[in-house]
Amino acid sequence: MTPAIVLEQVGKTYDGAAVLSGADLSIARGQFVALVGGSGAGKTTLLKTINALIVPTTGRVLVDGQDVAAQSGPALRRRIGYVFQEVGLFPHLTVAQNIGITPSLLAWPVPRIAARVETLLDLVDLPRELATRLPAALSGGQRQRVGVARALAAEPTILLMDEPFGALDPVTRVALADDVRRLHETLGLTTVMVTHDVGEALLLADVVVVMADGAIIARGSPAALLSAAHADPRVAALIDAPRRQAEKLAGLIHG
Amino acid sequence: MDDRLHQALALLPERLGWHVALSAAALALGLLVALPLGVLAARRPRLRWIALAGAGLIQTIPSLALLALFFPLLLLLSGLSERLLGHGFSALGFLPSLLALTLYSMLPILRNTAAGLSGVDPAVVEAARGVGMTDRQRLWRVEFPLALPIIMAGVRTAAVWTIGAATLSTPVGQTSLGDYIFSGLQTEDWVAVLVGCAASAGLAMLVDQLLGLIESGVGRRDRARWIAGLAGLGVGLAAALIPLAVSARGEAAYVIGAKNFSEQYVLAELMAGRLEARGARVERRINLGSAVAYRALAAGEIDAYVDYSGTLWANVLGRKDNPGRQAVLDELRSGLKTRDGVVLLAPLGFENAYALAMRRDRAQALGITTLADLAVKGGGLTMGGDLEFFSRPEWTGVERAYGLRFKAKRQFQPTFMYRALATGEADVISAFSSDGRIAADDLVLLGDPKGALPPYDAVILVSPRAAGDRRLTGALASLAGSIDVKTMQAANYAVDRDTDKQSPAQAAKALERR
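Chains as they are written, first to last, in the numbering used here: chain X, -2 to 252; chain B, 110 to 623.
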């Protein structure tokens, strides 16, 4: 089976400075992949090459076996769900209109869009009365749930998320993360999520990819990453922090 | 006073209609140009700088000058198109006004469009790309709706500027609310000036309020509000344009022109009255610049107006000699016909010549009755001229012919020139021989034995297009030789004086009743 997403030697330079260099990555269908690393590691750049929001300077990106450079950007992005760090809801459109935006770009019939919006409100656990509200009238958590619903509206098989829970309080954050993992399972999605929270990545993802200075420096399942001894001190530092935190918490809980 | 107000208000539908038509067209055209330019400017910082600097530069040109500059420019283009395509277009009236006002309206729209679009939250712009919008969809579905309140604020500013500046289209031959202001200032008819100002300011405020309603409607996403604003504008526009449409549907009207001083207003009303007495409809195109009037007539944009033989002799035929009053008339009659097909219909019977005038007591005390006497005794006197007199060929001609010398030469606005003569600040002034103040102030006009000043017979000119129209020529030819200089002076004085003032139409009626 062709992998859902393949990156081959993908690099990106701005004015001669490389923000991403020679990244190779293959993501199988149905995988939940988390990209972790410090700021400036190149996580977001890598994510955006997948839906061609950023065009790589070198290498190529395949989605469902097709080179994205050979496709129309807007058409590609309508097939791939995208959740933004700043949410980016359209302030002049209602919740329903925000959720239905990609289907309307795809010229779905109006009744089908309306039905899809109701389904999605249920899926992301939002009351249907919110449909007619403007984003300004929602809480932060509700807004990001709308953001997730919007990303899933056109029934994509791939979901990209850029720090989706970054601005949320811890309780909302954990609840939404669980819901996203559940949606990933029930909808059979391939999900790529950027996060700076390694603990969150280890708890949610099937595969965690560690990046630093524009390069991929480690990858593996959470269990493998946690058990292995890491030669690269940058990886060791990143993985150790949440592990030690977890051990302390476990000690407190078990007395 | 009530009568003057009544008369002023009777002219309101036509003037307001044209004012609205002109402002609306200029604003629509301004939007059509400035909106796309604003979109491009928001996308490209360098273009943005150039566009804003250019529009700002246009804004610094005084609006009256901008309007005036379009006349020669369009004249040039019209000549070019006549040569290349076989037909020209009118360089007067609606077109130059429209173009100048359009340029004028562009800056606020351009500036606010560019600022509004580049001010949209970058996260929202990225989201628009992320959900799969094309550049065009992003502009129409996201950026434009979000920038709309700011763009509307620019449109509001542009609307208020345009409506105000549209009053300045009067001197280039476009009827507008400015007609009240320009002729009111000329005849010191403050009722007319106030009516013009109030109507223009009222219109600007109303439009501003309606656009404000639309602006707040789009800002608050309140559909009822902006639809109400839009409907108000639509109804207002239609209501203002109905009088124009109705008059356009009726029989084609004759257009009588007038330059920008009292005598011209009175004579235009006199001609219009004769035509209306025969059941014709008449439009008045007043306050035309001196050079503008003849061109408008030759182009058939006005059907008739009164000009002066000496002016036509020098400015149209380019002659500098003076073969005498009758010879000038005869040569003009054939010269204008051959050159432009313009018909010199009838001399009215009086001259409105440049003449040098003195107070009677002063002239008698010094023993001056002619320019020749003035040359001998004028060395200690002060000469006052209107604002253009000393730069006109008439002055150089007289100065050279008689060898005139004065102690001093001073320039005055006409009203103050007569006052200076009364108070002794000037001893001799340049006057127009049909000016009512000559008789009223008991002035004497100095004789011109050498014939250095050309004759200035007032003559009715008819456009080539209207030359074959028997009703028009019949009605106007009946005025031939019917007004002597004393009668014209009295009529002009009735309009110009400070107390018991008459409107030009009232003065024209008085002339008819003689």
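Hints may contain errors.
To be verified - A short list of chain B residues far from chain X (calculated; beta carbon distances all over 10 Å):
| # | residue |
| --- | --- |
| 1 | Leu183 |
| 2 | Phe198 |
| 3 | Thr243 |
Unchecked claim - To give a feel for the contact side, a few chain B residues facing chain X, derived at Cβ under 7 Å:
| # | residue |
| --- | --- |
| 4 | Ala232 |
| 5 | Ala236 |
| 6 | Gly239 |
| 7 | Val240 |
What the hints assert, rightly or not - Each pair of labels, with its calculated beta carbon distance range:
| # | chain 1 | residue 1 | chain 2 | residue 2 | range |
| --- | --- | --- | --- | --- | --- |
| 8 | X | Val107 | B | Thr243 | 19 to 29 Å |
| 9 | B | Leu193 | X | Asp64 | 51 to 61 Å |
| 10 | X | Gln68 | B | Leu185 | 33 to 43 Å |
| 11 | X | Val107 | B | Asp244 | 18 to 28 Å |
| 12 | X | Lys245 | B | Asp244 | 46 to 56 Å |
| 13 | B | Pro231 | X | Pro230 | 49 to 59 Å |
| 14 | X | Leu131 | B | Gly345 | 25 to 35 Å |
| 15 | B | Pro231 | X | Gly62 | 29 to 39 Å |
| 16 | B | Asp244 | X | Asp176 | 43 to 53 Å |
Don't read these hints as lab results, they were simulated from the structure. The C-beta atom is built at its ideal place from N, Cα and C for all residues, glycine as well.
Hints, verified against the model:
no.	hint	in the structure
1	Leu183	holds, 43 Å
2	Phe198	holds, 44 Å
3	Thr243	violated, 5 Å
4	Ala232	holds, 4 Å
5	Ala236	holds, 3 Å
6	Gly239	holds, 4 Å
7	Val240	holds, 5 Å
8	Val107/X to Thr243/B: 19 to 29 Å	holds, 21 Å
9	Leu193/B to Asp64/X: 51 to 61 Å	holds, 54 Å
10	Gln68/X to Leu185/B: 33 to 43 Å	violated, 54 Å
11	Val107/X to Asp244/B: 18 to 28 Å	holds, 25 Å
12	Lys245/X to Asp244/B: 46 to 56 Å	holds, 52 Å
13	Pro231/B to Pro230/X: 49 to 59 Å	violated, 36 Å
14	Leu131/X to Gly345/B: 25 to 35 Å	holds, 32 Å
15	Pro231/B to Gly62/X: 29 to 39 Å	holds, 33 Å
16	Asp244/B to Asp176/X: 43 to 53 Å	violated, 34 Å
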